[in-house]
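Sequence lines, in order, name chains F and Z. Residues 12 to 233 in our numbering are what the first sequence lists, from first letter to last. Residues -1 to 459 in our numbering are what the second sequence lists, from first letter to last.
Since the hints were derived computationally from the structure, they do not count as laboratory data.
Heads up, incomplete: computed chain F residues facing chain Z, CB under 10 Å, no partners named:
1. K32
2. A59
3. T84
4. P113
5. D123
6. L195
7. A198
Derived coverage of chain F by chain Z (criterion: at least 3 residues anywhere in the stretch with Cβ under 8 Å from a Cβ of chain Z; other residues may be distant):
8. 20 to 27
9. 74 to 82
10. 86 to 99
11. 137 to 145
12. 182 to 189
Selected chain F positions facing chain Z (Cβ under 7 Å, derived; list incomplete):
13. G115
14. F118
15. H192
16. R196
Quick reminder that beta carbons are idealized off the backbone N, C-alpha and C, glycines included.
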Amino acid sequence: MSFVVFGCVVAILCAVLVRDKRKLWLTRLGLLDGVTGVVDRPTLRHGADGFPRLTGWRGGFPVSIELIPDTLTIRRLPQLWVSVTVERPVQGAPRLALLARPRGTEFFALADRLAYRCEPVFGLPEDVMIRGDGPAAQRLLGRLARPLGDLFADPRIKEVVLTGRGARIIWQAGEGKRGEHLLLRQAVFEGAEVQVRDLEKALDALEDLCAAAGPYLAQEVA
Amino acid sequence: MSQVTAIHGEKVSLLRVLGPGHVWALGVGIVLVGEYMGWNFAVGKGGALAALIACWVAGLLYTCVAMIDSEVTSTVAAAGGQYAQAKHIVGPLMAFNVGLFLVFAYTMLEAANAITAGYLVQTVGAMAGFENVHDKPFIVLTIMFLAWLNYRGVFATLTFNLVITAVACLAIVVLFAGVKPWTSEIVKPAEMLNGLPYGWLGVVAALHFGLWYYLGIEGTTQAAEEVRSPARALPLGTMTGIITLLVAATMTWYICSGLMPWEYLGQAVTPLFDAARLTDSAFLTVFLFIGTIFSTLASANGCINDASRAWFSMGRDRYLPVWFGAVHPVYRTPYRAIVFLVPVALIFALGAPLDQVITFSILSGLLGYTFMSFNVIMFRRKWPLGTIKRGYVHPFHPLPAIVLLLLCSVTYFAVFLGYGTQLVAMMVFYIVASLWFHFHRYKYVRRGDQFTMAWPRPAGY
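Use the sequences and the hints to build the structure in full.
Here's what the structure looks like:
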């Protein structure tokens, strides 16, 4: 009899798990549904974890928008990052990456893979790590200090990258619920969302960065 | 919970820092498993009364830990707990050791959970008539299953989590009510208690396992936010957890020591489950079986999660080969760290008895607490009050650090009483590991990346 009771408890738990998992999955799948209009010819795909990836075109350049769950930093709540990439070539641009609040665990960040450490410039928060390909990245940083400073005024911004292939910005879309994380190390991003205005603002900022870097690099070459 | 506290002129609603659900989580999370197994080895070392005294003295140790850790955590905004603190305040070698402390404390706890789950399944199997059930396959199954869940990054939701932890917590409460402690019908402490069989030396010895009630509480309450100001940390979360555990520990002690002779209690694998069996109540037996299983599985899951993240972090920081810093391209989990630690847990779970595995976990935790006492003294010396913004300033410094160091020293001696070999083995391991790091690994460390806080130069530098 006791084992029948135990079996019933396990069965009920499994049913609860399946029901809640389905609800969580649906929420996750639809995170970018409301922003597909931001790009032309949108294509929405989903990873094995259910988080979506949106690709399309804007201003004639390929754009990709991706959601990245990050549960890898010990003693920190899980994070949901949104990564927006504009593939607008910037001829001859060195790679430059600015990473806010570096922990060493940012697997999605380019900054960690660059060896040259740039000196900080006025206007950027103190906890931003800046890396590049070399001295050219430092000069480019000096030129773009103002627009970068404006971007990092938003504390949600995690990384801004500029390379010869384009630019990328990563910011926080959501943070894991504390209770679930403390209990069973679960990542539940209740209320996480990607808003159209944030996305448009990010895309405009990236295009501006690429546009600003172009003439500067032409001057350098000249 | 609707109180408001002013910190540096910033009103912080406690509900924002710690909602009711979080208090629940803190009290009955990973650490509750310490009530279900392990604490009773303190009874074996000094008798039932000694175990109770050790429980309360350990509470004092953890109060010091909570106070010290809250100040440093609230100021070192970089998430990463003691590992990040060590990087910033002491240096890479200390951070490497602290990382190892975390990994082995949690991995040994995971092994202990698996041993308990395996033993329980074997016991219940025998009760059900399956005499040939062995514990070892279930030990392996537990570790492999939970590692697989962590590898895949399987997510469960609040309802599921709450049910598991509610059952684990409720089981203790129901057992307490079921044995009617206000009568002498079932629980007979007057008959079972026999003073201090080893005298006051037994009380000292019992402190060894007295830590088990609370081990890990300082870590389970830490979960930094990404962008919020660090000036919100209060020790309230940890203290609430400690008080909850103290109450649960005393209840647990009372039930078990009133039902079982200390000679048996001192070596039992599942003291609460055994207590339930002794009541002859099938309902209580099943409930405690479920509670123990849920508690051990929840704890083991958290241990795999935390240990693998710590190993992963050390790989990313180049304290270990960067190979361990890889992230699964699909599941986004630290899969190599998870897989690497599985055989480590299995070796100890299958090859060592429960009390020794717990001792290894306790020793790693103890080394971490010893580090904390030096850490806060160095922290105050390098960055005195007023030089950097602190979210919380713990009172009576350096008294908590001195008390913590003293209690840790006594606990090392307590471990030496009966587990001297394990103590020496652990120390040798960490010394050898440190030498390896210093002579072989340090050259790969990016020294400039270790310090990420926007603090002024330390005093004297």
